[in-house]
Structure formats: structure tokens, C-alpha cells
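Kindly generate the complete structure, drawing on both the sequences and the hints.
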Amino acid sequence: MRLADLGWDDLYAEQFAPWTAKAHVQPGRDAIEFNHNYRLYVDDGEIEAVAAGRLKHRAESRSELPAVGDWVAVRTRPDEDRGSIQGLLPRRSRFSRKVAGHVTDEQVVAANVDVAFLVMALDHDFNVRRLERYVLVAHESGASPVILLTKPDMTADLPARVREVEAMAGDLPVHVLSPKRNEGLEPLREYLAAGRTGALLGSSGVGKSTIINRLVGENVQKTREVRESDSRGRHTTTHRELVPVPGGGLIIDTPGMREIQLWDVGEAVKETFEEIEALASECHFTDCRHRDEPRCAVKAAVADGGIPAARLESYLKLQGELAHLATQLDERARIEDKRQAKVMGKALRARLKEKGRK
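So in the working numbering, the last spot in the sequence shown is 358, and the numbers never skip.
Possibly wrong hints are sitting among the right ones.
With a straight-line cut-off of 16 Å between C-alpha atoms, the simulated EDC-like cross-links for lysine to aspartate or glutamate are [unchecked claim]:
| hint | residue 1 | residue 2 |
| --- | --- | --- |
| 1 | LYS180 | ASP123 |
| 2 | LYS317 | GLU132 |
| 3 | LYS317 | GLU277 |
| 4 | LYS299 | GLU313 |
| 5 | LYS317 | GLU282 |
| 6 | LYS299 | GLU275 |
| 7 | LYS299 | GLU277 |
| 8 | LYS299 | GLU282 |
| 9 | LYS56 | ASP44 |
| 10 | LYS180 | ASP153 |
Ranges of calculated distance between the beta carbons of each label pair, as one might list FRET restraints [what the hints assert, rightly or not]:
| hint | residue 1 | residue 2 | range |
| --- | --- | --- | --- |
| 11 | GLN15 | ALA350 | 37 to 43 Å |
| 12 | PHE285 | GLU321 | 19 to 25 Å |
| 13 | ALA17 | LYS56 | 22 to 28 Å |
| 14 | ALA4 | ALA297 | 49 to 55 Å |
| 15 | ASN37 | ALA310 | 41 to 47 Å |
| 16 | PRO173 | ALA4 | 23 to 29 Å |
Derived by calculation from the structure, the hints in this document are not laboratory data. We treat Cβ as the ideally placed atom computed from N, Cα and C, and that holds for glycine.
Below, the structure written as C-alpha cells:
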């Protein structure tokens with residue numbers, strides 16, 4: 001593949017310009033990241049690479065290190081097929097979530113994605129509220145969200161399920177497909193023109209790897225059956241990978257995420273919950289939280305049936321999560337400021353002590 005097939009264009013070339021004067025440095029795109037080891041697509045080839053020590057030292061969080069889909073500047077030696085990643089080009093989009101556990105940090109799931117395919121199966125995996133969270137994060141990423149509903153044979157009332165999703169999705173495209181039967185995949189190819197990148201996001205067992213295998217035309221990704229009792233998959237995909245699609249475009253497979261912890265999605269709330277945000281301006285109190293306040297236009301809409309009660313409940317839960325995240329980030333910043341002050345104080349004392357000896 002040539003760089004243009006990978007999505008390289010004049011803007012990326014302009015951003016890479018400062019690196020062109022450096023010997024043996026070329027652009028590459030991160031295809032696989034696994035335990036800080038990378039496989040990069042470069043012009044007409046692939047190489048293995050690691051992040052340079054200086055890059056890792058400068059990174060204040062893991063989000064500043066390469067993620068699948070990133071464009072990077074990689075230094076190679078003529079006699080080696082491995083490289084050292086010197087820097088990242090600015091990201092045009094980033095699909096992020098909070099890392100699992102108690103650590104307050106950002107994990108970039110995929111970078112420089114044009115279209116985010118949000119995949120949900122119509123079996124026990126079906127959960128509109130979880131899909132709603134995926135839509136929220138996709139809006140914030142900068143990519144265009146597209147909803148894919150798989151396993152249509154596993155629901156007794158397909159039209160009702162689709163209507164339920166469309167009511168939440170608003171103007172977002174919604175497609176029903178059966179990857180296992182190789183049915184309904186043609187619309188996906190229209191989103192993946194030459195140089196464009198898609199990412200598949202959803203729980204384990206919804207058919208993401210099968211979708212890629214169908215698009216590529218061979219079994220490049222492993223697949224497994226899911227448990228019939230709860231439709232849970234077994235995380236066949238264990239790492240993110242950027243896969244070229246014959247005929248144009250690339251697609252990123254990701255491990256299943258049954259739970260997605262939010263990260264910095266404040267602005268995307270307006271797009272995802274636009275009907276609630278629009279009504280909020282009609283509330284009596286400008287700072288109305290839509291809970292116990294009187295003359296709340298949003299609660300009135302719920303009472304009249306204009307907004308589903310579950311939709312408002314999801315919105316309020318989201319606001320609580322974002323407030324908690326903001327508190328965690330403030331505490332993290334306070335601890336970091338304290339650490340920096342301690343380091344600077346120690347350095348100052350050492351300098352004064354050295355001057356005193358002189």
C-alpha cells in the first residue's frame with residue numbers, strides 16, 4: 001500500500017514537514033499496538049517499532065503515546081527492519097474512554113477515524129442505553145457515527161427494535177445486517193472510500209470480527225461463538241488493529257467493550273441529547289437540574305410522553321458521571337501540582353546548598 005491508500009494527504013504532509021530534514025525519518029501509520037510494541041504501515045511496506053525514550057519521557061499520560069490509527073514520524077536504520085517512533089502528528093479525531101479501574105486517565109481506543117461503526121446485536125446484547133453512550137463518545141471523537149444492528153434473526157419483532165434505536169439515534173444512519181450470513185454489508189463499503197478509515201466499536205460477540213472478514217474477503221480476524229444464555233462473547237479480538245479493505249479504505253477492529261466509561265464528552269451531550277438540551281432553555285430556573293425543581297420543562301415533557309422517562313434517567317446519570325469525573329480530574333491536577341512543587345523545592349534547596357559550599 002502507498003501512503004495515499006492509508007489516508008495520507010497534503011495536510012498530513014504539511015504537518016510532517018519539520019521531520020523531513022531529519023535523516024532516515026519517514027511517516028508511518030500505527031496498524032497494531034500491543035504492550036507498547038507497534039506495527040506500522042509505511043510507504044509500500046510494514047515495520048515493527050517502539051516509542052523512542054524521549055517520546056515516552058515527554059508524554060504526561062498514555063493518551064500522548066501512539067494509538068492505532070495514529071500517524072507518526074518513525075526513524076529507521078538502513079540495515080534494520082525495526083524503527084523508533086519519534087513523534088505523533090496531530091490527531092483529526094480520537095475515540096477515547098476512561099481507562100478501566102480507579103485510575104483517572106484517558107485511553108485512546110482509535111485515532112484519525114472518519115466513521116465510527118457502533119455495533120449492537122439484536123439478541124441479549126440489545127441495550128439502547130449502552131448504545132446511547134457509544135453515540136455520545138462517537139460524537140465527541142470527531143468521527144461520524146453509524147449504527148449497525150446485527151443478528152436480526154435473534155429478535156421476535158425486528159421493526160420494533162429498529163424503531164426503538166431510531167428514536168434514540170435521531171438523524172444517525174441505522175443499518176441492519178447479518179455478518180454471519182454475509183447479508184446487508186454493502187452499505188458499509190460506501191462509507192469506506194479510498195483513504196477513509198472506519199472503526200468497529202461494540203460488545204464482544206456482536207460480529208465485529210466477522211464484519212471485517214466479510215469486507216476483506218478472508219478470515220483475517222479470529223471469531224468464536226457466543227454463549228446462548230446471555231449472548232456474551234469471549235474477547236476473541238485482544239488488541240486493536242487497522243486492516244486494509246480491498247477496493248478502498250481501512251477499518252479498525254477493537255476488543256469488545258460491554259462497559260464504556262466516559263471521558264470529556266461535555267460538548268457531545270448537546271448532540272446526543274439534543275431534545276433535552278433544547279427544552280432546558282424553557283425551564284423556569286436557568287440552572288435547572290431537571291430533578292426536583294418546579295416548572296421544569298424537561299420533566300413536563302416526560303410527564304406528557306414527549307420524552308421517554310428512561311431517556312431522562314440516562315441523561316441525569318450521565319451528568320452525575322461527568323461531575324464525578326471533573327472532581328477526579330481536579331484532584332489529579334492538585335496532586336500533580338503538589339508533586340511539581342515538591343520537586344522544584346528539592347531542586348532549589350540543592351542549588352542553594354551547592355552555592356553555600358562555594
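Would you pick out the hints that fail for this structure and give their numbers low to high? Of the numbered hints given earlier, those the structure breaks are 5, 9, listed in rising order.
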